[in-house]
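Following the hints, put chain B in place on chain A, whose structure we already have.
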Amino acid sequence: MSAKLGRRDFMRAAAAATGAAVLAACRPETVVETVIQEVEKEVTKIVQETVIVEGTPQAVEKVITVIPETEGDTGCQMDWNPTFPEYKRYDPPVEITAYLNRYDYPSPEYNEINNPAVWELEEHCGIKLNVVAVAVGEGAVDQQIKADIAAGDLPDMHGYSGTQLEQLIAQDMLEDIMDIWEATASPLVKEKLMWPDGQWWKTVHRGDKLYGVKRCSVAYNGDMICMIRKDWLDQVGLPMPTTPQEWGDAARAWQDAGLCQFGIVMHKHLRCWHHSMDPIFGAYRSMPGYWLPDGKGGLEFGTLRPGTKDALAILHEWYVDGLVDPDFYTYGCLDCEGDVLTEKHGIWTCPWWGHGSDHLDLPVKYPHWDVATMPYPKGPDGHAGRAADNLMGGQYCFRKGLDPVVIEALLNNLNYRVAKHANWVEYQQYGEWRNGGVFVEGWDWQFDENCEVVDGPFPLPYTYKYLGQSLADFTYDRCGYPSYQKDIFEDMAPWFEADPATLNKAQRYLISNPQAEDQARLYSFVYDTAKEAGMPNEFWGISPDSMVQYMGDLNTFQDEVLMNIVVGNEPLDRFDSFVDEWLERGGAEITEDVSAWYRETYS
Amino acid sequence: MTDTTPLAPVTLAVPKAAQEARKPFRVVLQQHWLLYVMLLPALALLAVFSYYPLWGLRLAFVKYEGVGKIADAPWIGWGNFARFFGGPYATRVIGNTLFIAIGKIIFGQAAAIALALLINEVRYQGYKRTIQTISTFPHFLSWIIIGATMVRLLSTVGPLNRAIDAVGLPKVRFLASASTFPWTLISLDIWKGMGFGAIIYLAALMGINPELYEAATVDGAGRFKRLWHISLPGIFSTIALMACLNLGSILNAGFEQVLVLYNPVVYKTGDIIDTYIFREGYLGNEFALGTAVGLFKSAIGFGLIMLSYWLADRFANYRIF
Chain A
186 MSAKLGRRDF MRAAAAATGA AVLAACRPET VVETVIQEVE KEVTKIVQET VIVEGTPQAV
246 EKVITVIPET EGDTGCQMDW NPTFPEYKRY DPPVEITAYL NRYDYPSPEY NEINNPAVWE
306 LEEHCGIKLN VVAVAVGEGA VDQQIKADIA AGDLPDMHGY SGTQLEQLIA QDMLEDIMDI
366 WEATASPLVK EKLMWPDGQW WKTVHRGDKL YGVKRCSVAY NGDMICMIRK DWLDQVGLPM
426 PTTPQEWGDA ARAWQDAGLC QFGIVMHKHL RCWHHSMDPI FGAYRSMPGY WLPDGKGGLE
486 FGTLRPGTKD ALAILHEWYV DGLVDPDFYT YGCLDCEGDV LTEKHGIWTC PWWGHGSDHL
546 DLPVKYPHWD VATMPYPKGP DGHAGRAADN LMGGQYCFRK GLDPVVIEAL LNNLNYRVAK
606 HANWVEYQQY GEWRNGGVFV EGWDWQFDEN CEVVDGPFPL PYTYKYLGQS LADFTYDRCG
666 YPSYQKDIFE DMAPWFEADP ATLNKAQRYL ISNPQAEDQA RLYSFVYDTA KEAGMPNEFW
726 GISPDSMVQY MGDLNTFQDE VLMNIVVGNE PLDRFDSFVD EWLERGGAEI TEDVSAWYRE
786 TYS
Chain B
150 MTDTTPLAPV TLAVPKAAQE ARKPFRVVLQ QHWLLYVMLL PALALLAVFS YYPLWGLRLA
210 FVKYEGVGKI ADAPWIGWGN FARFFGGPYA TRVIGNTLFI AIGKIIFGQA AAIALALLIN
270 EVRYQGYKRT IQTISTFPHF LSWIIIGATM VRLLSTVGPL NRAIDAVGLP KVRFLASAST
330 FPWTLISLDI WKGMGFGAII YLAALMGINP ELYEAATVDG AGRFKRLWHI SLPGIFSTIA
390 LMACLNLGSI LNAGFEQVLV LYNPVVYKTG DIIDTYIFRE GYLGNEFALG TAVGLFKSAI
450 GFGLIMLSYW LADRFANYRI F
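Line by line, the protein sequences give chains A and B. So the first sequence is numbered by the numbering used here: it starts at 186 and just counts up by one. So the second sequence is numbered by the numbering used here: it starts at 150 and just counts up by one.
Derived by calculation from the structure, the hints in this document are not laboratory data. By construction, the Cβ of each residue, glycine as well, lies at the ideal position given by its N, Cα and C atoms. You may find that some hints are simply not true.
Unchecked claim - Over 12 Å on every C-beta distance to chain B, these chain A residues come out as not near it, computed from the model: (1) M263; (2) E271; (3) D703.
As the list claims (entries may be wrong) - Coverage of chain B stretches by chain A, computed from C-beta distances (three or more under 8 Å per stretch; other residues unrestricted): (4) 216–227; (5) 231–240; (6) 295–306; (7) 433–439.
If we strip away everything but chain A, and leave its shape as in the complex, we get (with noise of 0.2 Å):
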């Protein structure tokens, strides 16, 4: 036999070659099983005491204290007592579908599945994600959702939309959760979260089957203020302003001063979350693409309101002034946050716990700035509006078929979650006044030389970053309750009066954070005027089959008229012409439909 190899020969080790390798890449989860493993051994090495509870998959009362609360190397003493509700632990534990997003971690060695919310979950609840997805970049779990959606393959839990979870319902996809959950949610979570008679119940409660828990939080997606550079109203001797003209005479006075180069923040979505022009629609009772009351019984389309053809006016004279960006119709919602720090405009709306540039953070980036909040600017009518939310929330969900043991495990994880946070002070649990952050000395916090606690080498934003990467447990902001915030600012209101010496060293180091005492001021006048000044978008049902078929083509006329109004492209007047063809097209259709619905859920 010759030694010489041949093409054949050759070519046979590459056919086999390339077969080994086309089967190796196709055999399912190898590196996921992989990647759980290294966690596994992350987590024995991270987590030093763990209570192992003998026999599955039986529920067990225990108390446990697993997250290590160390003297770590200083020799300081921690001067409280962190301990925790009681809790049902599965062991082995029971294990949930997740779909993760994907965040920057600070070391190599956390990730998704090895962070201190994901320690909690597992040791404290004996719950263990099994990821099926991971997200990277904003949107991408909206992306797999709707894919798994359409293809019947649902996560464990998620969180859907008010028009998912009515298809879903539709299509019989959900779990019936009603009986698991009336024998295992604690009497605390259904005071928070006003089970039963809470209006927002009414988008998974239908008759005896209940298809989700609600998440609802008062000021969620409907806590923009309005922010304002005092220092520069003060030089030019103005007053606060209190109505949409007002703004525009500060942004001319500084403009005159050579403070400014432009003055108001504006940008090409006129309403969204960050910089939304939402509180000058709500002065004039006009809020674009939200379904508002028509006053008799039905709901109108807030874009076609007299009041927006005023606000239209307003913008569009700031436009010719020069008071906002000429090419603001080029940015986006988080593109204009480093025009505040530029010192190009001095007026701004943001959610009142920042934005990117984080307005909380100005006093101590910019000592010289004096940033104040302002009323919501009045209409002629003396009418302050704001978008709200509709106070429904979200709501999560389990998917049909799911094991009871599991949903029953997540309803714990609620309990616990919720216990927690509404006693955060009782149990010491001091993360909480992070939305449910673990708190962990070496992470979170750390003793200074003086055995003072200071930040940690992964404070905030990580802790933010950690919490909301999983979208299949309990954590914030799945267990969020209308008083969730107010709860933790409340609490810590005596605080910031209190001789520092009266208080723990967690507590000291909570309220030495230069943002503390504005979150807990900003947060209660979001709350405080939520009823007063906020315009939810009433709609939240199932699109009917009009609003299907038109809703996108008038979305883009509505777009595309509103904006060349401000730039002046347009006259002002075919706003009017404007209402009549945005009906004719198919609008008039949709209002029917929508009022329907409305009359019909609250009737």
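Just chain B, lined up with the frame of chain A:
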């Protein structure tokens, strides 16, 4: 003396490939089975990623709202197409697409030819290479990067408008004027693709016999005459070929570019088929409508590719099959 030896009968050699072709497939398979095995992964990829998704085209003919299986969705025939063509924007987005795409093809090709001719005239190699490198570089940048830069560069208060203002001309609203916006798109596309597009014409210019230039020079032809009478005719077949092939992409007006640069102010002239599909189909969850419009675009594109292939054969003698 004449050689009277009769000529031996000529046996024409049958090409090996032809001989193979006559063999039954079973025999060929026995002899070359390994080659076919090696072909399998490529066929599998083609089947999975190119042919299997074709089944999803069913979506264009059903009423589907994003939940449940597509196979269970009710059949509505041409309903989604009727919805698009009966809507207010069909004519507009098709018109905008054609205008922008044709503009890019005509002016883009002209610019690439002009650049190639100019570079071909440069004798200093270092300068020539530098120009080529600089002009080709933008091709390798993504529209996302270019878009972010251009939005600032072309803004009303950007450097370009400041320069225009400095010479006393009125400012141009590149991204906010319906009449200017398509030309902004075309111009940027030319800038981005001109250098890369010139490469093929430069290659064609290299193929022209240098003796033609020498003879023309001897006959007293200047640079322009040489260019006009030798260079351009010499690359005409390439120009014709590229023009024909570009016909196939006449409905591709550049989705990424438009998406990063357009805004509601210029929908009137900047909204193209692809951005419409993106807004309605993807953002608006109207998957069926998006698929129908996409299928329409693909069907027209397929027809144009067939036409361009025929034209390329007819005018440039170019055939693949």
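Counting residues of the region 231–240 of chain B with a beta carbon closer than 8 Å to any beta carbon of chain A, are there 3 or more? It holds: at least three residues are needed, and the region 231–240 of chain B offers 4 whose Cβ sits within less than 8 Å of chain A.
Do three or more residues from the region 295–306 of chain B put their C-beta atoms closer than 8 Å to C-beta atoms of chain A? Holds, because 4 residues of the region 295–306 of chain B bring their Cβ atoms closer than 8 Å to Cβ atoms of chain A.
With a Cβ-Cβ cutoff of 8 Å, does the region 216–227 of chain B contain at least three residues near chain A? holds (count 4)
According to the definition I'm using, a residue is off the interface if its beta carbon is farther than 12 Å from all beta carbons of the partner; does A/D703 meet that for chain B? 33 Å, holds
Holds or violated: is the Cβ of A/M263 farther than 12 Å from all Cβ atoms of chain B? Non-interface label stands for A/M263: nearest chain B Cβ at 48 Å, farther than 12 Å.
Per-stretch coverage check for the region 433–439 of chain B, three Cβ contacts closer than 8 Å to chain A: holds (count 5)
For A/E271, which was marked as not at the interface, is the minimum beta-carbon distance to chain B over 12 Å? 39 Å, holds
In this structure, every one of the numbered hints holds.
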